[in-house]
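Protein chains in written order, with my numbering: chain Z, 1 to 368; chain R, 1 to 99; chain U, 1 to 307.
In short, the hints are calculated from the structure, not lab data.
Yeah, the Cβ is synthetic: ideal placement off N, Cα and C, and Gly gets one too.
Careful, some of the hints might be misleading.
Stated by the list, open to error - Now the stretches of chain R that chain Z is said to cover, found in silico as 3 or more residues with beta-carbon under 8 Å:
#1 9-18
#2 72-85
Unchecked claim - Each computed DSS-like pair below joins lysine-lysine, with the alpha-carbon atoms no more than 25 Å apart:
#3 R/Lys25 to Z/Lys132
#4 Z/Lys132 to R/Lys40
#5 U/Lys261 to U/Lys216
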Amino acid sequence: MVIRLVSRHTQETQADCMRVLNQQSITWERDIEGSIVIYDCPEGMYENPVATGSYSGNVIKCIAVSKNVAGTGLAQNLITELVNELHLLGRDHLFLFTKPENRRIFAELGFHPIATVHNLVTLMENDPRGLKDYLRSLAEFRIGNEGASLSSGSNTSLPVSAIVVNCNPFTLGHRAIIGQAASESSALYVFVVTEDSSEFRTEDRLRLVRLGVQDLGNVRVLPAGSYVISRQTFPSYFLKSEKIVQESHARLDCTIFKDSIAPALGITCRYIGEEPFCPVTRNYNEVLAELLPLAGIECRIIPRFAHAGRAVSASDVRRLFVMGDMPGVRALVPDCTYDFLNSGAADYALQRIFGDIHGQQAHVWGSD
Amino acid sequence: MEGMKILDTGIAGTLESSDVMITIKKHSGVEIELNSIVEKQFGRQIREVVRQVLEQLGVKDALVVVQDKGALECVLRARLITAVYRSAGLAEVQWEVFA
Amino acid sequence: MMSENRLRRTMLYVPGNNAGMIRDAAIYQSDSIMFDLEDSVSYREKDAARLLVYYSLRTLDFEGIETVVRINGLDTPYGREDIKAMVKARPFAIRLPKTETAQDVLDVETLIAAEEQKNGIPIGTTRMMAAIESPLGVLNAYAIATSSKRLIGIAIGAEDYVTSMKTSRSPDGVELMFARGMLVTAARAAGIGAFDTVYSDLNNEEGLRKEVELIKQLGFDGKSIISPRQIAIVHDVFNPTPKQIANAKMVLQAIEEAKAKGSGVIALNGKMIDKPIVDRAMHTLDLAIASGLIEDARTAMEVSNAR
């Protein structure tokens, strides 16, 4: 057996991986950065690939061992090599996608299940406390823990709600949805996606949302972290993937939300922004609307907030910003966002937005 | 010997049969997360060895994740010490300390 | 007990970072086990392998099988650390890779002696082996073989050597003829062991057998092997034939008789036997006992008495 580390794929190395993956009907994913390939051949050559596992960021996926060598412990070699390689890249908290029937193999290799979508996919992590610690950190935000600071208007007959937003950047549309949800809820948790794949940095997006809703006493703004719409729970949200992969990731993300996150915060209702354009988001919304009620979580869809007869969207704000149309921006965003965009501190985003307008990004955020 | 400090996350060992993979990271106090195929029979013993080695190295703060694949005690010791040294960023082992 | 005269037909390479292989190393009953810290260990894992071999040697029972550790050269960042650890771990011998001159051996010996002193181990306890893997090393074979009293043998490593010789290995090994001849001659002149290189094609049993027959005929004591599955073939080739054993037993008897008579002259079938014949008979019996061809303890005792 020859173990090969591929840190940059060529057509030939990718073909080797795909030969093994195809046997298990696993598809190659385009965000793969590197792979381990095991060949069944004498040393000094690379022939007859029999096992492979790949990584993207801190996610291990596309793992397959050829049927004729299954059971020879190649999964151990794959994971050992991947863990070591990713450690050298500074990535120690690792996530792993596999088929549910292979859960046990990876459980014995130090991976703990986070969530499973029946017959489709299981997400695991190598940190035995990863999800636990995350849920504990959420509990610190729990409204009601601090008692006295709760807004006097809170009404316990209303649901405890959640909404997930990207806010790239924070617009009047976001503010309106959050305001409406807050008024219909006893408490509202706003999860801001922390994946740094947006034009505006996570820290800026988060800060603007916090500034923009600080007048709402029953609202808490939380960083979504690794377990809500992240590259770990929902990689296909951030790149073009086949529909079946997207669907399974959407279900996975939804499963983590209903089984782990909602119980940790006592959430009984989730708000979703209506999505007229983006198919990925629309599919995600459909999955939420299907699965959450089964877990006793209500799903409320809010139409987009319109300005001058047009739905306010963050992509319009970005376009106006890059064109320097600050009065146009002003009409669509709250003061905090306007001040930030106008201060020069946001200029780093100009180049990223420009690239995006020219079609560089695989997927435009539906819910902004 | 002066106590060793866990700085970066340190990893040592493999997931192959008869081996153990140790991940050690910053923490306050010593905690051990053990996942072993022989946990029922040897869980206590494994934790005991881990505590003893950490004490020997003067490590007071660490989270140790032990993914055991049926390693002998000598293997566990070797892997744990390797992980601690890697985490502390020290290349030269003080052999005098070890029996 | 481990001694310099024991049989070393097979020296099993065990990668120093492989916990499972180290644990099982003794069960295959090779004559020696060689834990490798050098080529089989990637530079990222040198620290891990060193500690693993250290603790394994300190703790595990290798059932009396001789243990050897191949360390990294002093021209690498690992050699000195290897020596520090391995002198304390107390294998029977430390094997140097890529030895080119007598000075290479002396440099390692100096470090070994210092560590022995530091750890209260009698100076000279740690034995050494030198692997010769270059044209210069081959030409210096005798100087290397006589450089230290610690040396129990020299070994040839063929891969690097043939590359330096601008050739490659072939089935009949003609490219190694000079080096093997030089090495075994140097070893015999120095009175130490001579060990042959590895045979890397695991699936070619016939090729392995031919090579072992060749090196046995050249006078080698044994061979490094990379897999337990090579042990049986090597031992089989080194096994004496029934006729050789019978003959050796007769020589042994003649020695007994001469001793009983208080005579210094050993005679067999009316002919005087000189020392080389006695030595060869003893070696044959050693091999026969080691491979279980002679089982009775009496012969074993007689062999040891006759010495």
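Okay, the hints, checked on the actual structure:
no.	hint	result
1	9-18	holds (count 6)
2	72-85	violated (count 0)
3	R/Lys25 to Z/Lys132	17 Å, holds
4	Z/Lys132 to R/Lys40	24 Å, holds
5	U/Lys261 to U/Lys216	36 Å, violated
When each numbered hint is compared with the structure, violations occur for hints 2 and 5.
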